[in-house]
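Take a look at the letters that make up each chain.
There are 2 protein chains.
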Amino acid sequence: MEAKKGSLISPEIQELLKSPEKTVQIRALFEDMHPYDIFVLCEDLENIEIAECIKALGVPLGIELFQEFEDELKKEIFDCFSKEWMADILEEMAPDERADFVQYLSEEKTEEILPLVARAERIDIKKLLQYEEGTAGSILTTDYASLPPDITAKQAIERLKLQAFDKETIYYIYVTDSDRRLIGFVSLRDIIVALSHKKIEEIMHKHVISANVSEDKEVVAKKLSDYDFLAIPIVNDNNHLVGIVTVDDVIDVVEEETTEDIYKYGAAGEYIDYMKASFLNIAKQRTVWLLILVFVGFISAWVLEKNSFQLETVVALSFFIPLLLGAGGNAGTQSSTVVIRGLATGDIQMDDLFQVIKKELAVGILVGVFMAVLVSLRALWLEKDLKLGITVGCAMVVTVMLATTLGAFLPILFKKLKWDPALMSGPFITSIVDIVSLLVYFKVAMMVF
Amino acid sequence: MEAKKGSLISPEIQELLKSPEKTVQIRALFEDMHPYDIFVLCEDLENIEIAECIKALGVPLGIELFQEFEDELKKEIFDCFSKEWMADILEEMAPDERADFVQYLSEEKTEEILPLVARAERIDIKKLLQYEEGTAGSILTTDYASLPPDITAKQAIERLKLQAFDKETIYYIYVTDSDRRLIGFVSLRDIIVALSHKKIEEIMHKHVISANVSEDKEVVAKKLSDYDFLAIPIVNDNNHLVGIVTVDDVIDVVEEETTEDIYKYGAAGEYIDYMKASFLNIAKQRTVWLLILVFVGFISAWVLEKNSFQLETVVALSFFIPLLLGAGGNAGTQSSTVVIRGLATGDIQMDDLFQVIKKELAVGILVGVFMAVLVSLRALWLEKDLKLGITVGCAMVVTVMLATTLGAFLPILFKKLKWDPALMSGPFITSIVDIVSLLVYFKVAMMVF
Chain Z
1 MEAKKGSLIS PEIQELLKSP EKTVQIRALF EDMHPYDIFV LCEDLENIEI
51 AECIKALGVP LGIELFQEFE DELKKEIFDC FSKEWMADIL EEMAPDERAD
101 FVQYLSEEKT EEILPLVARA ERIDIKKLLQ YEEGTAGSIL TTDYASLPPD
151 ITAKQAIERL KLQAFDKETI YYIYVTDSDR RLIGFVSLRD IIVALSHKKI
201 EEIMHKHVIS ANVSEDKEVV AKKLSDYDFL AIPIVNDNNH LVGIVTVDDV
251 IDVVEEETTE DIYKYGAAGE YIDYMKASFL NIAKQRTVWL LILVFVGFIS
301 AWVLEKNSFQ LETVVALSFF IPLLLGAGGN AGTQSSTVVI RGLATGDIQM
351 DDLFQVIKKE LAVGILVGVF MAVLVSLRAL WLEKDLKLGI TVGCAMVVTV
401 MLATTLGAFL PILFKKLKWD PALMSGPFIT SIVDIVSLLV YFKVAMMVF
Chain G
1 MEAKKGSLIS PEIQELLKSP EKTVQIRALF EDMHPYDIFV LCEDLENIEI
51 AECIKALGVP LGIELFQEFE DELKKEIFDC FSKEWMADIL EEMAPDERAD
101 FVQYLSEEKT EEILPLVARA ERIDIKKLLQ YEEGTAGSIL TTDYASLPPD
151 ITAKQAIERL KLQAFDKETI YYIYVTDSDR RLIGFVSLRD IIVALSHKKI
201 EEIMHKHVIS ANVSEDKEVV AKKLSDYDFL AIPIVNDNNH LVGIVTVDDV
251 IDVVEEETTE DIYKYGAAGE YIDYMKASFL NIAKQRTVWL LILVFVGFIS
301 AWVLEKNSFQ LETVVALSFF IPLLLGAGGN AGTQSSTVVI RGLATGDIQM
351 DDLFQVIKKE LAVGILVGVF MAVLVSLRAL WLEKDLKLGI TVGCAMVVTV
401 MLATTLGAFL PILFKKLKWD PALMSGPFIT SIVDIVSLLV YFKVAMMVF
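First to last, the sequence lines map onto chains Z and G. If you count by our numbering, then the first sequence holds residues 1 to 449, one letter each, in order. If you count by our numbering, then the second sequence holds residues 1 to 449, one letter each, in order.
For reference, chain Z alone in the conformation it holds in the complex (with noise of 0.2 Å):
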């Protein structure tokens, strides 16, 4: 419901936009609105509309407007304007939103732009263009407050004033020296209470925590929200300050890597925006995977021909091959969510690993036991056949215990060798257990039967 309200509101926007005096009502209109509110208001329109728009509200909520759609759509806007006002918006944007979206755009586009804006802001942009994807250089944005050391609180307070037209945040306020190398760290609640004659240098702390511009943006959002920061100074490796990654950017990675590990999770490739995407390229993200879960499905279909004689003589046997391999797969799954999980926000560390296995086991076993006795029962029950059933139920215990061990060791693993532990997912857990319970099922029928 929400996100569709828009659509109500359109045909007065669009009466509005026919108006000779459009600029001045739609500013009446949105004046005094959050630009996330405008943007849900406005999202049903036509591009073209949308563009007029983002004209008439200018500089700053106008801007604020358009970096609110998603980049696929901000190009689309984008093309709605003159080659001037494209330049303008770039000169306006914020420079992380800026650098993203430059990046977006078609390589003959941003030449053709570029040369227009402003040189301070092209300097910017690439300079930000710089840093590798996934560090936090990629999502720093450069519009922070920042202060010298030698001047009073009070004189801080007229300078923040100054810049707190054009700055991301002026609640946490980075302290430099001369040569821009981050000295200290300022909250604007601290000058607030500070007396008004004392110095900068008297009120900030010292001990900053920053991170580099070349770690993980993972690691940096996990750091500003162990420390509850509002934004996290990034600094490059001597010390000069570049920049600050903000709360509400850090959100944004964390919704960002949570589809990243879940989509991981299920074997469901990369992430892409579904509803825009073809079918054709949804099946092709999905089949890498299938398809190596079909090779290791050609194994476990050579176990099975490999002991076909024994499905000759007890065809009973293939009846409970599903349930056991289901059993199995989901016993490994539910062990390898949990760990895969508990190695992401650091419930479990790599030195726990023989307490973990140690605890799979034990949870394999009881687990195993009390399923081999339901499945025994059932083969008891309708086969009539006592050695059926201790085959099966022999086969469970074993299997539910490797896939509970299995499903919390291989991710351990993965992490050790630097690989993502989020890969030894559902279905592929699910695929080696498979292979790893046939091969234990027919162990044991023939040592029975």
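Calculated from the structure, these hints are not laboratory results. Values in this document were obtained by computation on a predicted structure and should not be read as measured data. Treat the hints loosely; a few may be bogus.
To be verified - Where chain G lies over chain Z, by a calculated footprint (3+ residues, C-beta under 8 Å):
#1 76-84
#2 114-128
#3 201-207
#4 240-250
#5 268-282
#6 293-301
#7 310-316
Cβ atoms here follow ideal geometry from the backbone N, Cα and C, with glycine treated the same way.
We have chain Z already, so just place chain G on it with the hints.
Here is chain G on its own, set in the frame of chain Z:
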């Protein structure tokens, strides 16, 4: 590595705690540090030693340190204090943290300590405990900054100086009328840049975005992040301001909800602290789901039994069962993963149902045909049986197609029924697809042979 670095400095802290001037020494060591850093350094100490550090650091740093620990550990550390100290700690804690913690204490303990707590804080605790688990009320804090509308910007700064010490944030200030009704919102940035004689009611935003105290905390988290707020005001049904939810709590909510969702995906039961839980508890958590899945598995065994005559005639049919079920399960897991995540982030809306089903049908057919060719070739090549190849191939197409479609449809259906779509997780989808695939397989075999 990071979480364990505390152990390196533990002996040093223990040494300091033995000295007669431990208060001075501990303060000197930790003075300029962030509570999170002190927490990391203290993690490996005994509870009684941690309590000593907290005492030495006093208000506010000691309390902030205490708040860093998990509830379970908090309780153990709390038990090391005298009753008077316990009451003091409760008085000084942040209201939201405090209410959470009190909920965690035993009833006897609460009855023993609460009468010693100052009246204002006691009332606050009781008020916050009324709110239901999972609502905005359960995560709000009452330490918000507020101002009346009729004072000037200059007076506002003077008042904020007084409020600064015990408020969670003074960057977002809420304006209330004499009846505590929320009538406006103003940021410290707005106040700083305003002319000093301007009235708050002239500066404030009258269109305040707030959340109701009974709203789901996940919804509140999404609202705050959509608007890029640092805090969001929480009101009751009469628009009285009852508290605020801050961005750092929202990050915690997002992380918690992600873990819950991921556990559901893996059918791993409710979240429990893995490293601290006994294997019995862990086994209990998981058994419910495994049992459900075993009973679903009984159905697949029954399907096989009913078709045993086919398996007896063509034993090779059974070779491809794990492969077929695996492929179906994986394809279903992929599509359910994408749809469940899409529903959670809002990328997929309820009215997209038909489009999603159409897409998954197309993806299923395309991917299914591709996999069918591979599997048929495998069957032809190794079994030299054309009929088997055709059976396996046809069953594969239908299975994968049904799997992707069901994987997309069931979570959406669940959402429509107001159940949690994440319940239609990997293991569950896999079990359902297992049965469907077997039915398809034998149907096709019946027709071919």
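Query raised in the report: Three or more residues of the stretch 240-250 of chain Z near chain G by CB distance under 8 Å?
Result: With 3 residues close enough to chain G, the hint holds.
Query raised in the report: Counting residues of the stretch 310-316 of chain Z that have a beta-carbon nearer than 8 Å to any beta-carbon of chain G, does the count reach 3?
Result: holds (count 4)
**Report entry** Cβ contact check, 8 Å cutoff: the stretch 201-207 of chain Z against chain G, three residues minimum
**Finding:** Satisfied; 3 residues make the cut.
Report task. Verify the coverage statement for the stretch 76-84 of chain Z against chain G, using a C-beta to C-beta distance below 8 Å and requiring 3 or more qualifying residues. Result -> violated (count 0)
**Report entry** Given coverage of the stretch 293-301 of chain Z by chain G, tested with a Cβ cutoff of 8 Å and a minimum of 3 residues
**Finding:** holds (count 7)
Query - Residues of the stretch 114-128 of chain Z with Cβ under 8 Å from chain G, three needed, outcome - result: Result for this restraint: violated, n = 0.
Query raised in the report: At a Cβ distance under 8 Å, does chain G reach at least three residues of the stretch 268-282 of chain Z?
Result: holds (count 8)
Going down the numbered hints, you'll see the structure goes against 1, 2, while the others check out.
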